[in-house]
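Per the working numbering, residue 1 is the first one in the sequence shown, and the count goes up by one each step.
Treat the hints as calculated values from the structure; they're not laboratory data.
Just so we're clear, the structure is a prediction, and the values are computed from it rather than from any experiment.
The C-beta atom is built at its ideal place from N, Cα and C for all residues, glycine as well.
Do not rely on the hints blindly, as some may be mistaken.
Distance windows between CB atoms, simulated [unchecked claim]:
| no. | residue 1 | residue 2 | range |
| --- | --- | --- | --- |
| 1 | S434 | Q117 | 53 to 59 Å |
| 2 | I156 | S427 | 40 to 46 Å |
| 3 | D584 | Q117 | 56 to 62 Å |
| 4 | E169 | I47 | 19 to 25 Å |
Below, simulated DSS-like cross-link-like pairs (lysine-lysine); rule was C-alpha separation at most 27 Å, straight line [as the list claims (entries may be wrong)]:
| no. | residue 1 | residue 2 |
| --- | --- | --- |
| 5 | K386 | K157 |
| 6 | K617 | K443 |
| 7 | K443 | K592 |
| 8 | K620 | K549 |
| 9 | K443 | K357 |
| 10 | K336 | K253 |
| 11 | K188 | K178 |
| 12 | K157 | K188 |
| 13 | K157 | K118 |
| 14 | K357 | K253 |
| 15 | K423 | K336 |
| 16 | K188 | K148 |
| 17 | K443 | K423 |
| 18 | K336 | K549 |
| 19 | K620 | K357 |
| 20 | K617 | K343 |
| 21 | K343 | K423 |
| 22 | K64 | K157 |
| 23 | K592 | K524 |
| 24 | K336 | K386 |
| 25 | K253 | K343 |
| 26 | K357 | K343 |
| 27 | K148 | K118 |
| 28 | K596 | K571 |
| 29 | K148 | K158 |
| 30 | K596 | K443 |
| 31 | K336 | K617 |
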Amino acid sequence: MNEYIAALVDEFYQLGVRHAVFSPGSRSTTMAMLFTEYEGFETYMNIDERSASFMALGIAKAHKEPTVLVCTSGSAVAHYLPAILEAQYSGVPLIVLSADRPYTLLHTGAPQTVDQQKIFGTAVNYYEELAVPQDEHYYTYPRQVARKAYMKAMDIKKGPVHINVPLFEPLVPELDRKHFEVGRSTYKVFKPNYGDVFSYQNRSNNTSNASNTSNASNASNVSDVSYTKNTTDNSANNANNANNFNLLLAQYKRVLILAGPQINVDEVESIHSFAENLQAPILADPLSNVRRCHKTGAINDNHEFNINRSNDTDMTQEKQSPDVVISTYDAFLADKDLWPVLKPDCVIQFGQIVVSKRVQQMVASWDNVEYIEVNPTMDSMNPMGKTTIHMQASIDMFTHLFAVKNESNAYLNRWQRLEVAGKAQLSTAIEEPSSFEGRTIRKLQQHIPDNSQVLVANSMTIRDFDYFWFSGESDAVLYGNRGVNGIDGTVSTALGLATNGQPTYLVTGDLSLFHDLNGLAVAKTHNLNLTIILHNNDGGGIFEYLPQKGTKHFDYLFSTSQGLDYSGAAKLYGCGYTKISSPDELAPVLAKVSEKSGVHIIEIPTDREYSRQLHRKYTKVSVDMEALL
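Throw the hints in and build the complete structure from the sequences for me.
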C-alpha cells in the first residue's frame, strides 16, 4: 500500500540525486527497499544515525549534489540534528526522509513514536509531511513534494530539507518496476550557471587591461546585484557613489581581502586575478583553498587542472601561488604593533569569516575602514559588526563587475615582507626533534598527492593548519565542518568525501576521533579508502590556550584525558594501524599507506605542553618594522 514512495524515489533520480544513506529500522523499510531496488543510486548502510548523517554531509560536499538521508521513526531522527545544523550553516544540500508512525499512534504510548513534525525547526530550508495520497494523485503528489524539496535544498542558499513520511503497514512494498515509472512528467529544474559567464577565463582579457575604472560599463543595469549602504556611514567616499559601481573600488589604494571557508574551489581563480589587479593582499584561510597552487586552466570535478603536463619541469613551474596570497598571518599578527601599520582603506570579505581570531581582533580594532561583505544570500558572515556594505552577488559576479587596476604595490609589499618572514620562521618546524602538530602538517603538505582531499578537524587542528599549511605548496583541496564548528561526525564526513574516489586524508585530534569512532564501521562494508592522521595528546589540547588553563579541576573538566589505545579501535573496525615513534617516520609511512586500500590510522603521540611552547616560539616572527613603513 506504500508503493507511491516509488514515485518519490524515481523523481529524485530524475532530478539528478544519486546518493542515499540509510540507517536500519523497521518503519523505514519501504523507503530503504525502494531506493536499493532502483539500482541507479549509490547507497550506503550506516548503523549509527549520527554517523550516517555526517557521512551524507561529506558525500554532498564531495559530489556537490543533494544526498538523501533515510531513518526510521522515534529517536533515530533526533540523532540527525548535529549534522542538520552543520549543513544549514555550511550551505550543504541534504534531503532527510524520516519514516513516521501514522497519526493514530501518536500520543498513545506506541513504541518508537515521537512528535516528528518540524523537529528540526528553523534548521532546514523546507519541511513537508508526505501524506498518503488520494487515488487520483497517488503517483503525482509525491513527485511534486520531491521537486519542491530538491529546489529548496539547491536554493541560492543551499541547505537541508526535511520530509516526514508517515507509513502504514504492511511496510514491505511491491517492487514492480511499474511503480517507479508511473506519473513521470517532462518537468525539469534548470539553474543557470552564472559562474560560466563571469568566470576567470571569460574576463581575464578585460581585467588584465583594467585602468582606474571597472570595465563593467553597464554594471548599473545589472538587476541581480544589490548594493546596500550602511545608512549610518556619512563619509564623503560614499556620498554620491551608491549607484556608481565603476568607482566603488577605484577610490581605494590599500585594499585587503579576507578569504574564508565556504568558497567554492572553482571561484579561486577569480579571487586570485581580482587581487593581482588590485595589488591587494589576500589573507587566505586554509579552508578557503585560496592557498592552493596557482595554475592556469579550469578546475574539473576531480580537483585537477586541465593543463598540459608534459614533463616534471612543467609540474614544478606550475606549483606556485600568486604573491598576493598571505598564509602565515596568524603567526606574525601576534605582534599587535603591526595592526595599525597594516590598516587598509577597504576590506573585502569573501566566504565565511576567517578562522584566525587575531585577524578578527585586528579588523575590529580599525576605525573608518570600508568593509564589504560579498554574499549572494545576504547572510551576514561577519560577527565583528564592521560591515559597511553588503554586496548581494556571487564571487565571480563581484570580481567581474568591480575589477580595477591599482598601479601602486606599496601596501601589498608590506604584507609580502611579513609573509617571507613568517614562512622563514614557520618552515623550521620541520626540523623540530620531536613530533608535534606543526611538523606533521609541513610534512603532509609536501608528501600527499596533488589530487588529494583533506578533511581538517575542528578545535586545535584547524588552527594548526592556519599556521603551517603554506600557500603555493600543494594542490590538495581542504574541507572542514565550519558551519557550527563542532567536533562530532568528523570521521563520517571524511568517509563521505572518500566516496568520490580521490585520495582522502583526515587530520584530527584524539577527542574528535573518539567522538565518532562508530563512523569507522561503514568503511569496511563499503570499501572506502581513508588515511587518518591522528595527533594523540590525550585530551583537548585547545584548552591549553584558553583561560581555563591552570584552574582547579582543569584536567577532569576540560582536557578530559582518556588514556585510550587506538590500536584497539583499529583492530575492532578492521583498519590498518601505524604508530609513529619518530617524526622522521611519517614520510615513508605515508608513501607505504598510499599503496594500500581501506582505512589506515597513523597515530602520532604528541605532548600538549610541548606543543604549547612551540606555538609560542613560532609566533615570535622577527620583523623589521622600519622596512614596513
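Going down the list of hints, with the structure as the test:
no.: 1; hint: S434 <-> Q117: 53 to 59 Å; verdict: holds, 55 Å
no.: 2; hint: I156 <-> S427: 40 to 46 Å; verdict: holds, 41 Å
no.: 3; hint: D584 <-> Q117: 56 to 62 Å; verdict: holds, 58 Å
no.: 4; hint: E169 <-> I47: 19 to 25 Å; verdict: holds, 24 Å
no.: 5; hint: K386 <-> K157; verdict: holds, 23 Å
no.: 6; hint: K617 <-> K443; verdict: holds, 19 Å
no.: 7; hint: K443 <-> K592; verdict: holds, 15 Å
no.: 8; hint: K620 <-> K549; verdict: holds, 21 Å
no.: 9; hint: K443 <-> K357; verdict: holds, 25 Å
no.: 10; hint: K336 <-> K253; verdict: holds, 23 Å
no.: 11; hint: K188 <-> K178; verdict: holds, 21 Å
no.: 12; hint: K157 <-> K188; verdict: holds, 20 Å
no.: 13; hint: K157 <-> K118; verdict: holds, 20 Å
no.: 14; hint: K357 <-> K253; verdict: holds, 26 Å
no.: 15; hint: K423 <-> K336; verdict: holds, 19 Å
no.: 16; hint: K188 <-> K148; verdict: holds, 12 Å
no.: 17; hint: K443 <-> K423; verdict: holds, 14 Å
no.: 18; hint: K336 <-> K549; verdict: holds, 23 Å
no.: 19; hint: K620 <-> K357; verdict: holds, 17 Å
no.: 20; hint: K617 <-> K343; verdict: holds, 26 Å
no.: 21; hint: K343 <-> K423; verdict: holds, 22 Å
no.: 22; hint: K64 <-> K157; verdict: holds, 13 Å
no.: 23; hint: K592 <-> K524; verdict: holds, 20 Å
no.: 24; hint: K336 <-> K386; verdict: holds, 19 Å
no.: 25; hint: K253 <-> K343; verdict: holds, 12 Å
no.: 26; hint: K357 <-> K343; verdict: holds, 17 Å
no.: 27; hint: K148 <-> K118; verdict: holds, 16 Å
no.: 28; hint: K596 <-> K571; verdict: holds, 16 Å
no.: 29; hint: K148 <-> K158; verdict: holds, 13 Å
no.: 30; hint: K596 <-> K443; verdict: holds, 20 Å
no.: 31; hint: K336 <-> K617; verdict: holds, 16 Å
The structure fails none of the hints (numbered hints given earlier).
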